[in-house]
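Starting from the given sequences, assemble the full structure and let the hints guide the process.
Numbering (the working numbering), first residue to last: 2 to 130.
In case anyone wonders, no lab produced these hints; they're calculated from the structure.
Hints should not be assumed to be uniformly reliable.
Straight-line Cα separation of at most 30 Å, BS3-like style, residue types lysine-lysine; simulated pairs [claimed, not checked]:
no. : residue 1 : residue 2
1   : 126       : 5
2   : 127       : 77
3   : 127       : 5
4   : 28        : 126
5   : 52        : 5
6   : 77        : 28
7   : 52        : 127
8   : 123       : 5
Computed beta-carbon distance windows for the label pairs [what the hints assert, rightly or not]:
no. : residue 1 : residue 2 : range
9   : 47        : 85        : 30 to 40 Å
10  : 127       : 87        : 21 to 31 Å
11  : 127       : 89        : 15 to 25 Å
12  : 8         : 29        : 19 to 29 Å
13  : 85        : 108       : 28 to 38 Å
A virtual CB, placed ideally from N, CA and C, is assigned to each residue, including glycine.
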Amino acid sequence: MNWKLIFQLSFFGLIMAFATVSLIPEKVEPVFWLVIFVFCAYVIARAAPGKYFLHGFLVSMVNSIWITAVHCYFYKNYAVHHPDMVTMYTGIHPRRMMLCYGPVFGAMFGIVLGLFAFIASKFVKKPTA
Numbered sequence: 002m003n004w005k006l007i008f009q010l011s012f013f014g015l016i017m018a019f020a021t022v023s024l025i026p027e028k029v030e031p032v033f034w035l036v037i038f039v040f041c042a043y044v045i046a047r048a049a050p051g052k053y054f055l056h057g058f059l060v061s062m063v064n065s066i067w068i069t070a071v072h073c074y075f076y077k078n079y080a081v082h083h084p085d086m087v088t089m090y091t092g093i094h095p096r097r098m099m100l101c102y103g104p105v106f107g108a109m110f111g112i113v114l115g116l117f118a119f120i121a122s123k124f125v126k127k128p129t130a
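This is the structure:
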């Protein structure tokens, strides 16, 4: 496992966490994530020593930590720019709900990024030493 690679790629999640608080609208956020996932899959396919799916999965799990922390901390700003997300949180405090759902979404998107990385590993050539 290349933990340095996983941690470095997870910084895209940290950047997106701050960007989605107030800069990136809810409607275009998936486009940004698609670009990030394709780029991360490519980098994992080139730089990971193997276990491409697991690398992608773990990048998303670390992303979920960053994103959950930032969105919980800046919840008031986040809620203003993501009204659809606010309506999801009924009956429980929104920050608690984020803490519950964060790892679940991280795992779901981890499967997606893991598959992207695995598929990319079939097409991307490793650099020669």
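Here is what the structure says about each hint:
About 21 Å separates the Cα atoms of residue 126 and residue 5, which keeps this hinted pair within 30 Å; it holds. Of the pairs offered as hints, the one joining residue 127 and residue 77 is violated, with about 44 Å between alpha carbons and a cut-off of 30 Å exceeded. Distance restraint check for residue 127 and residue 5: the Cα-Cα separation of roughly 18 Å lies within the 30 Å cut-off, and the hinted pair is therefore satisfied. Distance hint between residue 28 and residue 126 is unfulfilled; the C-alpha atoms sit about 34 Å from each other, more than 30 Å.
Distance check on the hinted pair: residue 52 and residue 5 sit about 15 Å apart at the alpha-carbon level, within 30 Å; holds. This hinted pair checks out: residue 77 and residue 28 have alpha carbons roughly 19 Å apart, not beyond 30 Å. Between residue 52 and residue 127, the direct Cα distance comes to roughly 14 Å. Compliance with the 30 Å bound is thereby established for this hinted pair. With a C-alpha separation of about 22 Å, the suggested pairing of residue 123 with residue 5 holds against the 30 Å cut-off.
Range check, residue 47 to residue 85: about 36 Å between beta-carbon atoms, so the 30 to 40 Å window is met. Judged by the Cβ atoms, the range 21 to 31 Å given for residue 127 and residue 87 is violated: they are separated by roughly 45 Å. Our hint of 15 to 25 Å for residue 127 and residue 89 is violated, since their Cβ atoms are close to 42 Å apart. Taken as a hint, the range 19 to 29 Å holds for the pair residue 8 and residue 29, whose Cβ atoms sit roughly 27 Å apart.
For residue 85 and residue 108, the hinted distance range of 28 to 38 Å is not satisfied, since their beta carbons lie about 21 Å from each other.
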